[in-house]
Amino acid sequence: MNKFLQDAQDYLPILLQGAVTTAGIAFCALVIATLFGLVLALMRYSGIGVLSWTARSFVNIVRGIPILVQLFYIYFVLPDFGIDLTAFQAGAIGLGIAYSCYMAENFRAGLEAVDKGQVEAAQSIGMSWVLTMRRVVLPQAFRTVLPPYGNTMIMLLKDTSQASVITVAEITFQGKMLAASTFENMTVYTLVAGLYLAFSVPLFLLASYLERRFGKK
Amino acid sequence: MITIKGLHKSFGNLEVLKGIDATVEKGEVVCLIGASGSGKSTLLRCVNGLETYEQGAIDVHGRRVRAEDASIRDIRTRVTMVFQRFNLFPHRTALQNITEGPIFVKGEPRAEAEAHGMALLARMNLADKADAYPEQLSGGQQQRVAIARALAMRPEAILFDEPTSALDPELVGEVLAAMRALAEEGMTMLVVTHEMGFAREVADRVLFMSGGRIVEQGPAAELLSNPQHERTRDFLSRILSPM
Ligand SMILES: Nc1ncnc2c1ncn2[C@@H]1O[C@H](COP(=O)(O)OP(=O)(O)O)[C@@H](O)[C@H]1O
Ligand SMILES: [Mg+2]
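From first to last, the protein sequence lines stand for chains A and B.
Letter by letter, the first sequence follows residues 1 to 217 of full-length UniProt numbering.
Letter by letter, the second sequence follows residues 1 to 243 of full-length UniProt numbering.
Check the hints yourself; a few may be wrong.
Said to hold, decoys possible - Under the rule of at most 20 Å between Cα atoms (straight-line distance), these lysine to aspartate or glutamate pairs were calculated in the EDC-like manner: (1) A:116 to B:170; (2) B:106 to A:120; (3) A:176 to A:7.
Note that these hints are calculated values from the structure, not bench results.
My request is simple: use the sequences and hints to build the entire structure.
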């Protein structure tokens, strides 16, 4: 036990550096996933054939490809087309796009749960589609979407570990390097797991609070 | 003011409106009666551009009502609608429900919209409910807020789709009283209703619909006491003495 604490003290600073990167990539990916997911959900909700079809196809294609392969594609294939991204950028964009599809499904379910009578009431006083969304539908969908949003956020956080394969120096990557050079697998991976829990447990608590506060009555 | 000519409307293979001709003049109160499923709501929704139609024409002040035209938004600010299930915005207070349209659609200054909104609430005997959310209000109060919301656009006419059908019996009277007051002030109204007392006392004219057609129409007293068409007689005898 003493040795564990001793090693932990040595390894933790390196792993904490990784944790900062994990937080950064999770945050950037979350912003991308939220904004882009909202756009996709609104495209489907619009009822306009082309937009709805485009969004649905996009979601199905992206969801049909493993995130790992998407990350490889963005990091290793896009440079052939002159798009050079750092590992961090590729990771954030890849995870953001992959998760925008999960978010889009969450958002769409929330939008469709809003009573159609709300849209008609908004239209009957002359509101445009954009105004109807902004003032009437989105604020109501927001409440139903929060709990699943929290859960998807936790999945996203854990999936940032996949970015280690394209050399993003996040927790898992740092752990792998440490383990490879010290052979202290148990210590290193226990710390790695602990750090992920340190991120996700507060998020679990937040998600279950949102569930209680805003979930179906 | 509202002119409907040869209106046909289908849902898929089901033809719901089979050639409707009707007019509503300025200041007139017209009640639309008929059995459930006869197409009354669909007709009203076409007038508000909430449904498309295949054939015929609806004009408001000579402007064509078409759900797919951009002009529909402007027409809707002139002819607003009150729904059977109120459809108040649950995340906004009574006053906010009312000022939403004036502020965000018409661009009225907030202070002015709120003053007008408070005046409308007072007219609906709801001055003390300005800050209440819809879920804190009874059905009758919600429907009166909905009427105030429709009025806040300063419309030239209001469409009512069975405004009292979702209410507990003891709450019907307060909503009808508010509508009667509106009628007395000269508001143009097209009202789908099963309240024959209201139709008789308030309506200038009554239209009876059956199977997607207007079967009979005339001055309220005349049509209700002395219906000419057999289907009108049938309907009235059933609604006036159920069972
Ligand atoms: N959105 C819709 N899709 C398919 N059928 C509909 C739709 N709305 C109404 N209908 C049908 O049209 C007919 C007339 O309905 P409606 O106008 O609501 O009648 P009313 O208001 O007189 O009770 C009914 O047979 C109803 O089932
Ligand atoms: Mg109806």
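Violations among the numbered hints: 1
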